[in-house]
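*Asks:* What follows is the residue order along each chain.
2 protein chains.
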Amino acid sequence: MKANDVQAMENRRTFDASGVHVVNIMASPGAGKTSFILETVRRLGDQVRMAAIEGDLASTVDTDKVRAGGIPAVQINTGGGCHLDANQVGRALPDLPLEDVDLLFIENVGNMVCPVGFYLGEHTRVAISSVPEGDDKPHKYPSIFANVDVLIVNKIDLLPYLAFDMDAFQALVRGLNPEVQIFAVSCVTGEGFDAWTAWLREQALKG
Amino acid sequence: MKANDVQAMENRRTFDASGVHVVNIMASPGAGKTSFILETVRRLGDQVRMAAIEGDLASTVDTDKVRAGGIPAVQINTGGGCHLDANQVGRALPDLPLEDVDLLFIENVGNMVCPVGFYLGEHTRVAISSVPEGDDKPHKYPSIFANVDVLIVNKIDLLPYLAFDMDAFQALVRGLNPEVQIFAVSCVTGEGFDAWTAWLREQALKG
Numbered sequence: 023m024k025a026n027d028v029q030a031m032e033n034r035r036t037f038d039a040s041g042v043h044v045v046n047i048m049a050s051p052g053a054g055k056t057s058f059i060l061e062t063v064r065r066l067g068d069q070v071r072m073a074a075i076e077g078d079l080a081s082t083v084d085t086d087k088v089r090a091g092g093i094p095a096v097q098i099n100t101g102g103g104c105h106l107d108a109n110q111v112g113r114a115l116p117d118l119p120l121e122d123v124d125l126l127f128i129e130n131v132g133n134m135v136c137p138v139g140f141y142l143g144e145h146t147r148v149a150i151s152s153v154p155e156g157d158d159k160p161h162k163y164p165s166i167f168a169n170v171d172v173l174i175v176n177k178i179d180l181l182p183y184l185a186f187d188m189d190a191f192q193a194l195v196r197g198l199n200p201e202v203q204i205f206a207v208s209c210v211t212g213e214g215f216d217a218w219t220a221w222l223r224e225q226a227l228k229g
Numbered sequence: 023m024k025a026n027d028v029q030a031m032e033n034r035r036t037f038d039a040s041g042v043h044v045v046n047i048m049a050s051p052g053a054g055k056t057s058f059i060l061e062t063v064r065r066l067g068d069q070v071r072m073a074a075i076e077g078d079l080a081s082t083v084d085t086d087k088v089r090a091g092g093i094p095a096v097q098i099n100t101g102g103g104c105h106l107d108a109n110q111v112g113r114a115l116p117d118l119p120l121e122d123v124d125l126l127f128i129e130n131v132g133n134m135v136c137p138v139g140f141y142l143g144e145h146t147r148v149a150i151s152s153v154p155e156g157d158d159k160p161h162k163y164p165s166i167f168a169n170v171d172v173l174i175v176n177k178i179d180l181l182p183y184l185a186f187d188m189d190a191f192q193a194l195v196r197g198l199n200p201e202v203q204i205f206a207v208s209c210v211t212g213e214g215f216d217a218w219t220a221w222l223r224e225q226a227l228k229g
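Quick note, the sequences are listed as chains A and B, same order.
The first sequence begins at 23 in my numbering and counts up one residue at a time.
The second sequence begins at 23 in my numbering and counts up one residue at a time.
Treat the hints loosely; a few may be bogus.
Any copy, or any two copies together, can satisfy a pair, since identical chains are not distinguished.
[Said to hold, decoys possible] Under the rule of at most 25 Å between Cα atoms (straight-line distance), these lysine to aspartate or glutamate pairs were calculated in the DMTMM-like manner:
{"hint": "1", "residue 1": "K228", "residue 2": "D187"}
{"hint": "2", "residue 1": "K87", "residue 2": "D117"}
{"hint": "3", "residue 1": "K228", "residue 2": "D38"}
{"hint": "4", "residue 1": "K24", "residue 2": "D187"}
{"hint": "5", "residue 1": "K87", "residue 2": "D158"}
{"hint": "6", "residue 1": "K228", "residue 2": "D122"}
{"hint": "7", "residue 1": "K87", "residue 2": "D27"}
{"hint": "8", "residue 1": "K228", "residue 2": "E121"}
{"hint": "9", "residue 1": "K87", "residue 2": "D189"}
{"hint": "10", "residue 1": "K24", "residue 2": "D158"}
{"hint": "11", "residue 1": "K87", "residue 2": "D187"}
{"hint": "12", "residue 1": "K87", "residue 2": "E121"}
{"hint": "13", "residue 1": "K24", "residue 2": "E224"}
{"hint": "14", "residue 1": "K228", "residue 2": "D86"}
{"hint": "15", "residue 1": "K228", "residue 2": "D216"}
Hints listed in this document are in silico derivations from the structure and should not be mistaken for laboratory results.
Everything numeric in this text was worked out from a predicted model, so none of it was measured.
So here's chain A without its partners, still in its complex pose (with noise of 0.2 Å):
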């Protein structure tokens, strides 16, 4: 087993001994993840105890968003690395308040490659791919695609002024991993977060 999949395991056994469910999400710089955390954060505050771990090369300025939308937060900045790896993820955890947490979002580096390749402890895992992006993606970045629990589809509100075929592109995500949860949501119209927060609320609460 490789260094990072014993810090891993290690990880996951502090998340589950304080009862956290724990959601890793992996997009391109740009895909929304910040406001996709917020958004949801938003919509399920009064429900769900939310915590964050904010992944970027440099800055903590998603880190400051996040935590004026309400919840704890803690920056990890990678220098140059491409990926959160476990290590990273196990140093940060005593900053944050794990007994008071129902639901810890990681938003990993903004990189559809590499952070696929590093487990970090978590329950599940979630892929943002942005209207902007491109009906192509899962041709190029198949990996990504196919390690997912669930993917969401970001920025649904430009489709009027995108070529983006939505029943081409989730016939690929599908047949590289048949077993995905797709929604397909906007941050800026609120279209589809009903179903998303039903389905993450019963994760994070189902113990």
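Position chain B against the provided structure of chain A, taking the given hints into account.
*Replies:* Relative to the frame of chain A, chain B by itself:
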């Protein structure tokens, strides 16, 4: 010197011996790299002899598109690799008619983090950042913005539908990279392409 850089210098000697100007194009997945190359080819095709190397984890969809646009192209599939390296490019060169080419585009793997660390032998480094990705990207991925010659701000036709502060974005980029050339373009409306193609044509034909 790293092994990659030794091969990159070898690639550069090959390019210079053939009089080929090489442009390494780096961006997130879905920033519009292929569409940007195609629109450039459409506008410069009668003045400059062009070719392309297309890098992706999998598939030949981009090479098929670029060949359909009328220029020779070679696909490099990296498997899981998150960037092109100089050896991959060196191995692709015998499959291109370099003696009949003025300008070679290398479309890197869609990734804002890893490609910028690997010199391929290019003369000009271009990053593309698209409007839907948001105006905060230089905070979070500084290395790509700091280490390119040209920044293309793509998809400006979507500005009316998105909260993107162009002045703030360009100020952030210039803070990281005062010498960078910036061109704001749309592959849908053609806006901004005249300035970009005039600049590029001069680079390509000056020898």
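*Asks:* Within a copy, between copies, both or neither: which one fits K87 and D189 at a CA-CA cutoff of 25 Å?
*Replies:* between (33 Å within a copy, 21 Å between copies)
*Asks:* 25 Å Cα cut-off: does K24 pair with D158 within a copy, between copies, both or neither?
*Replies:* neither (32 Å within a copy, 35 Å between copies)
*Asks:* From the Cα coordinates, with 25 Å as the cut-off, is the pair K87 and D27 best called within, between, both, or neither?
*Replies:* For K87 and D27, neither the intra-copy (30 Å) nor the inter-copy (40 Å) Cα distance is at most 25 Å.
*Asks:* How would you classify K228 and D216 at a CA-CA limit of 25 Å: within, between, both, or neither?
*Replies:* within (18 Å within a copy, 58 Å between copies)
*Asks:* Between K228 and E121, at a C-alpha cutoff of 25 Å, which is it: within one copy, between copies, both, or neither?
*Replies:* within (16 Å within a copy, 65 Å between copies)
*Asks:* Check K87 against E121 for me: Cα-Cα at most 25 Å, and say if that holds within a copy, between copies, both or neither.
*Replies:* This pair counts as within: shortest intra-copy Cα distance 23 Å, inter-copy 53 Å.
*Asks:* Please sort K24 with D187 into within, between, both or neither, judging by C-alpha distance up to 25 Å.
*Replies:* So K24 and D187 fail the 25 Å test inside a copy (39 Å) and across (44 Å) alike.
*Asks:* Cα distance capped at 25 Å. Does K228 pair with D122 within a copy, between copies, both, or neither?
*Replies:* For K228 and D122, only the intra-copy Cα distance (16 Å) is at most 25 Å; the inter-copy one is 65 Å.
*Asks:* From the Cα coordinates, with 25 Å as the cut-off, is the pair K87 and D187 best called within, between, both, or neither?
*Replies:* between (32 Å within a copy, 17 Å between copies)
*Asks:* One pair to classify: K87 and D158, alpha carbons no more than 25 Å apart. Within, between, both, or neither?
*Replies:* between (31 Å within a copy, 12 Å between copies)
*Asks:* Using 25 Å as the alpha-carbon threshold, which applies to K228 and D38: within, between, both, or neither?
*Replies:* within (12 Å within a copy, 63 Å between copies)
*Asks:* I want to check one pair: K228 and D86. Are their C-alpha atoms no more than 25 Å apart within a copy, between two copies, both, or neither?
*Replies:* neither (30 Å within a copy, 48 Å between copies)
Checked against the numbered hints above, the structure violates hints 1, 4, 7, 10, 13, 14; every other hint is satisfied.
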